[in-house]
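**Q** Protein sequence lines, in the order shown, are assigned to chains A and B.
Counting from 1, position 87 in the first sequence corresponds to residue 87 in this note's numbering; the numbering is continuous, with no gaps.
Counting from 1, position 228 in the second sequence corresponds to residue 228 in this note's numbering; the numbering is continuous, with no gaps.
If you're looking for bench data, these hints aren't it; they were derived computationally from the structure.
Source: prediction; values computed, not measured.
Hints should not be assumed to be uniformly reliable.
[To be verified] Selected chain A positions facing chain B (in silico; Cβ < 7 Å):
#1 Gly167
#2 Glu170
#3 Ala174
#4 Ala178
#5 Tyr221
#6 Val296
#7 Ala318
For every residue, glycine included, the Cβ atom is placed at its ideal position computed from N, Cα and C.
Residue strings, one per chain:
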Amino acid sequence: MAFELEFEKPLVDLQRQIAHLKRLAEEQRLDVQSEVAPLEQKLSELRREIYADLTPMQRVLVARHPRRPYALDYLRTVFSDFVELKGDRLFRDDPAIVAGWARLGERSVVVIGQQKGRDMKENLRRNFGMPHPEGYRKALRLMHQAARFQAPVVTLIDTPGAFPGLGAEERGQAEAIARNLEGMARLETPFVATIIGEGGSGGALALGLADRVLMLENAIYSVISPEGCAAILWKDATQKERAAQALRLTATDLHELGIIDEIVREPDGGAHADPDEAGRALGEALDRALTELEPVPRDALLAARAEKFLRMGRFVEA
Amino acid sequence: MAWFRKERRERTTTRQRLEIPADAWDKCDQCGHTDIRDKFDRNLQVCMECGHHRRIDSRRYVAILTDPGSFTELYGTLGSVDVLGFEGYPERIAVARRKAGTQDAILTGHGTLTGVPINLGVMEFGFMGGSMGAVVGEKIARLARRSLEERVPLIIVSASGGARMQEGAMSLMQLAKTSVTIAPLKQAGIPFISVVTNPTTGGVSASYAMQGDVNIAEPGAVVGFAGPRVIKQTIGQDLPDGFQTAEFLLEHGMVDIVVARHELATTIARLLRMMLRREPLPASS
């Protein structure tokens with residue numbers, strides 16, 4: 001049976017009941033519609049109720065849900081004609097980042113996304129969606145390629161963070177991220193970033209210095225994981241609820257703070273409950289953002305992008 | 001019996017005990033070399049024996065990197081606010097101000113270096129581990145803007161554990177904010193020299209600290225994206241000797257040059273004068 005989150009248990013129980021009834025109906029050729037209908041009604045109400053009122057830490061768990069749609073899922077549902085391009089031309093290809101040309105409706109775009117694995121084997125290959133420097137260098141290489149062909153860049157952000165390992169440090173993880181930030185600041189093409197799951201700190205921002213930053217309703221974006229924050233501040237990783245609250249990492253929080261530009265609604269029960277619906281909403285939001293950005297002259301685009309990030313941060317001045 | 005006898009004289013102590021107060025001594029934390037504190041200080045807190053570079057504060061770097069009397073502080077009144085309502089943050093700021101004696105984690109201003117006008121920012125590790133929040137981001141952004149408008153080189157000395165957790169994603173956005181102001185310097189051909197000192201990790205290393213036209217590291221400085229503790233946890237084994245030190249970064253091509261503190265001002269001045277097509281320094285300096 002699929003993974004379930006603690007607070008999703010009542011939903012899963014109901015789903016099981018419904019499935020059981022339907023199976024009975026099929027086997028014994030009974031009409032159970034009168035029993036099933038109210039249960040389905042109850043399911044959707046319960047789903048709405050539970051999801052309307054998630055705590056920040058619960059939202060973190062939804063953002064990390066193992067059945068949540070990943071970049072490659074959206075590349076199948078939202079985009080078409082995807083041709084994956086690999087490698088940083090310096091060291092190797094990093095499977096934690098997938099990238100290439102694709103179509104969004106009529107328009108050609110370059111899509112770059114962090115990719116987690118669905119099972120242990122794929123996760124080992126994709127390093128749980130934690131890129132090495134070569135992943136970021138591949139991303140920048142293809143951003144430049146997009147700009148050369150005057151195609152917009154669309155990034156799909158979903159990573160626990162840039163990988164903190166020996167090889168990553170040897171090959172300049174910090175330098176790779178820093179270079180991407182500088183490159184994105186100067187990227188002469190419309191650029192929309194979407195946080196679709198986990199926006200893990202610098203490793204996420206390395207694909208996120210965009211004209212428009214969208215965020216799925218149950219995604220998170222933070223400078224540090226709640227677990228990491230709790231371990232540092234209170235020397236106790238079990239204080240993650242408290243940290244998740246304090247960090248203000250939900251889409252609503254970040255929209256209020258002006259860090260993201262738009263929240264993309266997810267279906268009731270989260271994107272994993274109805275991936276197609278989640279994809280439809282994402283596709284629409286991307287199309288709207290790109291339609292707005294495409295007519296803007298390139299120098300005005302770059303100036304507005306810089307201006308947007310320059311406004312971020314509050315302080316007092318005596 | 002001896003044929004001579006030492007004449008007994010009354011014992012008198014003629015030698016006065018040198019009165020050296022206990023705190024006049026200092027010991028290198030690296031090699032244990034003990035010497036007079038003042039000597040360490042005159043040597044810019046670099047051990048005379050092993051060359052270990054001890055941390056110095058932002059004021060000291062300003063003294064090293066600007067001509068005497070030329071430095072004027074800018075944006076000194078910017079102060080952090082508790083943007084998220086993060087528990088305990090206002091108290092942490094108050095304590096940090098008292099302990100570090102600075103308003104926030106960076107000191108910014110303008111001055112001259114061997115007569116060449118520069119804009120200088122020096123991070124203060126003593127203030128909440130040199131963490132970058134909105135104030136650090138804003139001060140760097142303003143300084144970089146000023147460099148662009150006046151066509152004056154920018155020098156930033158980094159010492160930081162990274163973004164300031166208590167400002168959440170807002171501190172993360174300072175990586176973006178500083179990057180969008182440093183990028184135009186490159187296009188305008190205005191030199192940006194980044195000096196990384198011990199330690200420079202996290203969001204600071206992943207933004208301006210690694211974006212210099214020239215990245216200079218102090219000997220022995222630990223510089224990297226993830227801190228050594230996090231990496232150790234991830235890989236479950238001890239890190240190799242010298243991992244993430246300035247020399248390691250030099251070997252792996254991430255910094256241009258490792259420069260001892262005594263040579264820092266001269267090296268930067270030399271570079272700036274060549275980049276700006278100004279006459280060389282006189283041979284004596």
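**Q** Now tell me if each hint is right for this structure.
**A** We went through each hint and held it up to the structure:
Using the Cβ-Cβ criterion of 7 Å, the hint placing Gly167(A) at the interface with chain B is not satisfied: the shortest such distance is roughly 10 Å. About 5 Å separates the beta-carbon of Glu170(A) from the nearest beta-carbon of chain B, less than 7 Å, and the hint is met. Taken as an interface hint, Ala174(A) checks out: its beta carbon lies about 4 Å from the nearest beta carbon of chain B, inside 7 Å. At a threshold of 7 Å, the smallest CB-CB gap from Ala178(A) to chain B is about 4 Å, leaving the interface hint in force.
Taken as an interface hint, Tyr221(A) checks out: its beta carbon lies about 5 Å from the nearest beta carbon of chain B, inside 7 Å. The beta carbon of Val296(A) is not positioned within 7 Å of any beta carbon in chain B (closest approach about 17 Å), and the interface hint is therefore violated. The criterion of a C-beta within 7 Å of any C-beta in chain B is met by Ala318(A), whose closest approach is roughly 4 Å, and the hint holds.
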